[in-house]
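Peer 1: Residues per chain are reported as follows:
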Amino acid sequence: MTQSLPLSQIAPTDEVWTVSQLTSAAKRVVEGEFMPVWIRGEVVGCKAWSSGHWYFGLRDRGSQVRCCMWSRYSQLAAEPPKDGTEVFVLAKPGIYEAKGEFQLNVTRMLPTAAIGAARRELERVKELLQRDGLFDHARKRPIPALACTVAVVTSADGAALRDVITVVGKRWPCCRLVVVNARVQGDGAVHALARALALVNRIPEIEICIVGRGGGGREDLAAFNSEAVCRALAAVRVPTISAVGHETDVSLTDLVADLRAATPSAAAEMAVADRREVSRRLDDLAARLAGGLGSRTRLAAERLARTRDRLHGAMEAVIRHERHRADRLGAQLDALSPLRILDRGYAVPVRPDGSVLKRRAEFAPGAPFRLRVADGDVPSRVEPS
Amino acid sequence: MSIAQDLNRLEEIVRTLEAEDVELDAALALFEEGVARLRAARERLGTAEVKVQTVLEGANGDLRLSDLDG
Numbered sequence: 236m237t238q239s240l241p242l243s244q245i246a247p248t249d250e251v252w253t254v255s256q257l258t259s260a261a262k263r264v265v266e267g268e269f270m271p272v273w274i275r276g277e278v279v280g281c282k283a284w285s286s287g288h289w290y291f292g293l294r295d296r297g298s299q300v301r302c303c304m305w306s307r308y309s310q311l312a313a314e315p316p317k318d319g320t321e322v323f324v325l326a327k328p329g330i331y332e333a334k335g336e337f338q339l340n341v342t343r344m345l346p347t348a349a350i351g352a353a354r355r356e357l358e359r360v361k362e363l364l365q366r367d368g369l370f371d372h373a374r375k376r377p378i379p380a381l382a383c384t385v386a387v388v389t390s391a392d393g394a395a396l397r398d399v400i401t402v403v404g405k406r407w408p409c410c411r412l413v414v415v416n417a418r419v420q421g422d423g424a425v426h427a428l429a430r431a432l433a434l435v436n437r438i439p440e441i442e443i444c445i446v447g448r449g450g451g452g453r454e455d456l457a458a459f460n461s462e463a464v465c466r467a468l469a470a471v472r473v474p475t476i477s478a479v480g481h482e483t484d485v486s487l488t489d490l491v492a493d494l495r496a497a498t499p500s501a502a503a504e505m506a507v508a509d510r511r512e513v514s515r516r517l518d519d520l521a522a523r524l525a526g527g528l529g530s531r532t533r534l535a536a537e538r539l540a541r542t543r544d545r546l547h548g549a550m551e552a553v554i555r556h557e558r559h560r561a562d563r564l565g566a567q568l569d570a571l572s573p574l575r576i577l578d579r580g581y582a583v584p585v586r587p588d589g590s591v592l593k594r595r596a597e598f599a600p601g602a603p604f605r606l607r608v609a610d611g612d613v614p615s616r617v618e619p620s
Numbered sequence: 691m692s693i694a695q696d697l698n699r700l701e702e703i704v705r706t707l708e709a710e711d712v713e714l715d716a717a718l719a720l721f722e723e724g725v726a727r728l729r730a731a732r733e734r735l736g737t738a739e740v741k742v743q744t745v746l747e748g749a750n751g752d753l754r755l756s757d758l759d760g
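Those protein sequence lines, which keep their order, are chains G and H. Take this note's numbering: the final residue in the first sequence is number 620, and no numbers are missing along the way. Take this note's numbering: the final residue in the second sequence is number 760, and no numbers are missing along the way.
Read the hints as simulated data drawn from the structure, not as lab findings. As the structure is a prediction and not an experimental result, all values here were calculated from the model. Honestly, I wouldn't trust all of these hints.
Said to hold, decoys possible - Stretch-level coverage of chain G by chain H, calculated; a stretch enters the list once three of its residues show a Cβ under 8 Å from a Cβ in chain H: (1) 413–421; (2) 430–438; (3) 549–556.
What the hints assert, rightly or not - Using C-beta positions, here's what the derived DEER-type ranges look like: (4) A749/H - M270/G: 46 to 52 Å; (5) N750/H - W273/G: 45 to 51 Å; (6) D757/H - R355/G: 24 to 30 Å; (7) M505/G - D757/H: 22 to 28 Å; (8) R558/G - E702/H: 50 to 56 Å; (9) K741/H - K334/G: 47 to 53 Å; (10) T342/G - E702/H: 56 to 62 Å; (11) R307/G - A749/H: 34 to 40 Å; (12) D757/H - R275/G: 47 to 53 Å.
Backbone N, C-alpha and C fix where the C-beta goes; we use that ideal spot for every residue, glycine too.
Pulled out of the complex, with its shape left as it was, chain G reads as follows:
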């Protein structure tokens, strides 16, 4: 359906791009396509400008590409590499529009020799620690469930510490965090970390020790792979959590610590309890405590009631007995009553005031008195003489 185009001629209606449009479009395509990638190659013609920017070529047997490394990245690398140095670079491919050139914008550069040496050192240390049993599962101690004092060995101004404080502040604010400041990367980091870990053993009341840092490049984590730091970590007398924020890599401290956390935040979560959970547990205990006493007092009340019933029964028996005795005594008393003698025909003379006349002399001639008989009194008078 197509006809071969008249390439030799250009028609006025044909769409024509400017160079800028072309490079701009190419830039969009290239830069949209690639994420930063690691590239291995040999450095050629590195020029370090006074501005600090580095320009160099990177080549292998088949191809070569232009690279630039801005000063803020080049200052992290040591020296401008010599021609022929084999390196890994982390770079994002792009187009330099002014010249229409394909180039790599390099953000990191690592000599492959250094990587090789680092890997060999890592293997050496790992083997040594393994031989000494520092990775043994049997060594692992459980993390205390309700720790209230936690040591954090990290950089005092790093993101790791901020993350730990945030998480602990949310979950378990009654916790005390003791920060043992240490460099976590670069020169002196190994010494600083080992020293800080040894210091933890001298702080009283520490229950858990977190050691770590936020995410970093692989070589930034070197201190956490060092023998000295690993041995110092193994010597910490409380359970330890290693939190070297690098998801894909396991550092040797991760293997030595009692627990490994992917990030400092995760370490904080493992280290402390959740206040809400403990609060619920307290509520439950409070309810059981009240219930426990309730059932205990109910039991006592029942016993008391039983005792009262028995007491009551005993008292009734006593009362019954006493009543019988009283009845009996009453009957005896009755039998002895002088009034009962009257029944048998006796009579008692009494004065009007009720006193008994017992002697002849007491009967004055003509005096009135009463004669008490069984069923009443009989008014009487002594015969006048």
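For chain G, the structure is supplied; the task is to place chain H on it using the hints.
Peer 2: Using the frame of chain G, we list chain H on its own:
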């Protein structure tokens, strides 16, 4: 006394009270202790802000803890 210790003792007290073979006097004493421990634990849980300290080592090797802001 830590929260862990308070909680463990509380569990112990509750279990004893629930076992029902304890004298009333002893039960009341346990209950009072339980209430005190409950209050202590709740008070600690109520702490509003995490305390952050930093440790400094003096020249002669002694340690000093100082509060860190934030």
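Peer 1: Of all the hints given earlier, name the ones this structure violates by number, lowest first.
Peer 2: 3, 6 and 9
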